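Colleague: As given, the protein sequences belong to chains A and B, one line each in that order.
Just so you know, the first sequence maps onto residues 1 to 419 in the numbering used here.
Just so you know, the second sequence maps onto residues 1001 to 1233 in the numbering used here.
Simulated from the structure, these hints should not be mistaken for laboratory data.
Everything numeric in this text was worked out from a predicted model, so none of it was measured.
There's no promise every hint is true.
With a Cα cut of at most 30 Å, we get these calculated BS3-like pairs of lysine-lysine [claimed, not checked]: (1) A:Lys407 - B:Lys1074; (2) B:Lys1019 - A:Lys316; (3) A:Lys11 - B:Lys1130; (4) B:Lys1074 - A:Lys316; (5) B:Lys1019 - A:Lys410; (6) B:Lys1081 - B:Lys1118; (7) A:Lys316 - B:Lys1130; (8) A:Lys410 - B:Lys1074; (9) B:Lys1041 - A:Lys316; (10) B:Lys1144 - A:Lys316; (11) A:Lys316 - B:Lys1118; (12) B:Lys1228 - A:Lys316; (13) B:Lys1144 - A:Lys17; (14) B:Lys1130 - A:Lys407; (15) A:Lys17 - B:Lys1118; (16) B:Lys1140 - A:Lys11; (17) A:Lys94 - A:Lys227; (18) A:Lys11 - B:Lys1136; (19) A:Lys410 - A:Lys17.
If the Cβ cut is set under 8 Å, some of the chain A residues that face chain B in the computed set are [claimed, not checked]: (20) Val5; (21) Phe41; (22) Gly44; (23) Leu315; (24) Lys316; (25) Asp317; (26) Ile320; (27) Lys322; (28) Gln324; (29) Gly325; (30) Ser327; (31) Ser328; (32) Pro413; (33) Leu417.
Ideal placement from N, C-alpha and C gives every residue a C-beta, glycine not left out.
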Amino acid sequence: MAGNVNFEIAKTHLLAKPRQTLIAMLGVTFGIGMYILMISFMQGFNEFLEDTLLSSTPDVRIYNDIKTDFSHSILDEVSDTSKTWNIVHHPKPKDITPNIKNSSRIITDLKNDARVQAVSPQLSTQVFYVNGPVQINGSLNGVDVLQEAQLTGLNEKMKTGRIENLLTIDNGILMGHGLAQKLNVSVGDIVTLASPKGTSMRFRVVGTFQFGIGSLDNIKCYVNLAKVQQLLGKDNQYVTEISIKLKNYDAATEMAAELAKRYDYKADDWKTTNASAMVSILIRNVMTFVVSFTLLVVAGFGIYNIMSMTIQNKLKDIAILKAQGFSSQDIRQIFLTESVTIGVLGALTGLVLGFILSSMVYNLPFPKNDFISITHFPVVFHTKHYLFGLAFGIITTFIAGLMPSVKAGKVDPVAILRG
Amino acid sequence: MSVVLQAKNLNKYFYEPEKFHVLRNVSFEINKGQFVSIVGKSGCGKSTLLYLLSTMDTNYEGEIEINQTLLTGKSQNELAKFRNQHIGFVFQFHFLLPEFTALKNVMIPAEKTGLYSKSECEDRAYEKLKWLDMDKFATKLSSKLSGGQQQRVAIARALVNDPTIIMGDEPTGNLDSANTQIVFDILNDLSHNKGQTIIAVTHDPEFAANTDRIIEMKDGEIVNNTIKHEVAS
Chain A
1 MAGNVNFEIA KTHLLAKPRQ TLIAMLGVTF GIGMYILMIS FMQGFNEFLE
51 DTLLSSTPDV RIYNDIKTDF SHSILDEVSD TSKTWNIVHH PKPKDITPNI
101 KNSSRIITDL KNDARVQAVS PQLSTQVFYV NGPVQINGSL NGVDVLQEAQ
151 LTGLNEKMKT GRIENLLTID NGILMGHGLA QKLNVSVGDI VTLASPKGTS
201 MRFRVVGTFQ FGIGSLDNIK CYVNLAKVQQ LLGKDNQYVT EISIKLKNYD
251 AATEMAAELA KRYDYKADDW KTTNASAMVS ILIRNVMTFV VSFTLLVVAG
301 FGIYNIMSMT IQNKLKDIAI LKAQGFSSQD IRQIFLTESV TIGVLGALTG
351 LVLGFILSSM VYNLPFPKND FISITHFPVV FHTKHYLFGL AFGIITTFIA
401 GLMPSVKAGK VDPVAILRG
Chain B
1001 MSVVLQAKNL NKYFYEPEKF HVLRNVSFEI NKGQFVSIVG KSGCGKSTLL
1051 YLLSTMDTNY EGEIEINQTL LTGKSQNELA KFRNQHIGFV FQFHFLLPEF
1101 TALKNVMIPA EKTGLYSKSE CEDRAYEKLK WLDMDKFATK LSSKLSGGQQ
1151 QRVAIARALV NDPTIIMGDE PTGNLDSANT QIVFDILNDL SHNKGQTIIA
1201 VTHDPEFAAN TDRIIEMKDG EIVNNTIKHE VAS
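I would like the entire structure built from these sequences, with the hints used as guidance.
Modeller: What follows is the structure, encoded as structure tokens:
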């Protein structure tokens, strides 16, 4: 019964000054709305980026990490270092081949592993693409194209031509869309490739692909593995990298460590390969939370302000309620109810506002550029973001309302009533 | 003759701006149904005394008993509950809650007791308003009433829980003479015909002269304590 009176008084207070209540509510509404918009958009962008990166990088790649190690010199073998110092000026690293030795055994071994879905041996090298006077440097990947398609979904990224053309046409090349545009070539055209060793070969463009990431589409080409081996003058076992797709990509980190140990080559999981992108995702997440938190804190201060003012204006009412037998707890409950009501209503309308704004952004066309190919802004709609926004809105307003309410509970009626 | 209020050796000090002995060994008793006025010059301690009796000010020495209940030393929550059921207040200003109707203002203390259902509270409140001839304004917002009407609603509010004592701090201090007369007549009627105990602090000698008993104070002490009318029964 007594509780009901408190709620009734709180309700009457809120309804008696609808404009003030609305303004306090709008503060929370905008705070939560912006939080929803930001988190939906940022998270959407992160997920889009993660998907794109995942499809363009293997879960685990095994490669020969060439280190130029100057700490150890061949001189140390013949001259005892315990008695003399060996000083070598301008040391040169010994000539080593960056390939993976015994690659066919490793590939067979991996194919028998239950955790592995696909294995693609690769031979990549820097090349110059030459078309008449135009020379552009880029990277050439020699692959088994059907295996590679399983890893990267290359067949879905084709803009023109089909990946199978690589198998049917001798000296065929699949070219990044951006690169093809720069070279001004299209399917059927001939392009000359020059290797760092000085050799060159002519390829016919049989298809173009687009991953949606400029750094790939503008430099990368695929040809059959044998052709790169031929270009570099190597044998048919010569591969520099083995890409692996796992059945469960979350297991990549442990798997990479295990493979590195087993084969004594460097093995990176997709997180390590995309370290810089992972960092930017982290930074975006932190930014989102910092900005949203700030917005909500500002809304909280708004409520604090309005509640403090309301209580200041209602000192007489508080005093008379206390004289009539309302305890400090009752008074606190009245004003806390008011601010939490503002918080709940503000947060709920904020969720609606956030949803509407996110939907609008979702339908906005994304400005065309060379680096990312998407047509609309990436936005996600996750229930957990909305629940978090609601909880955060209510908690903020509760804390903002708590201090003035406690103060209201402490009002000394005698001081007010005596005038 | 039953005693409803007993004050024993009340002493009270103010510490701001400097220590000041406001009440000095004030003791008295008030019987049921008495209409008592407390008079004295400004600063003599009469309002301070009233607020001690009201249980809102608990910072004093001595003992206060109302209705055979010792109130000294009780917790704030217990005192709030006690005030709710046993003491009605009428102040110089009406102190009605401006957002509520006259009826709701009267109902709130009744609802606060938690003893009655909502419709019972409404009936009680309406009955008190009717008795004060204010029933036709029941649904009006209290801020839309005139000064005399507001004070009558305030009296109805003080009466709604049938309190043991009504305490007034200059209940007519802010009213013109016509309204003063109305309010005095209401209080007088309550006291003589309904046996309601009333204690009122007043500056108005005419008001005081018409009450049953005058407690005159000077410099924190009772200097005159005359009972003019013995209350029958």
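Colleague: Name the hints, by number, that the structure is in violation of.
Modeller: The structure conflicts with hints 12, 14, 21, 22, 23, although it agrees with all the remaining ones.
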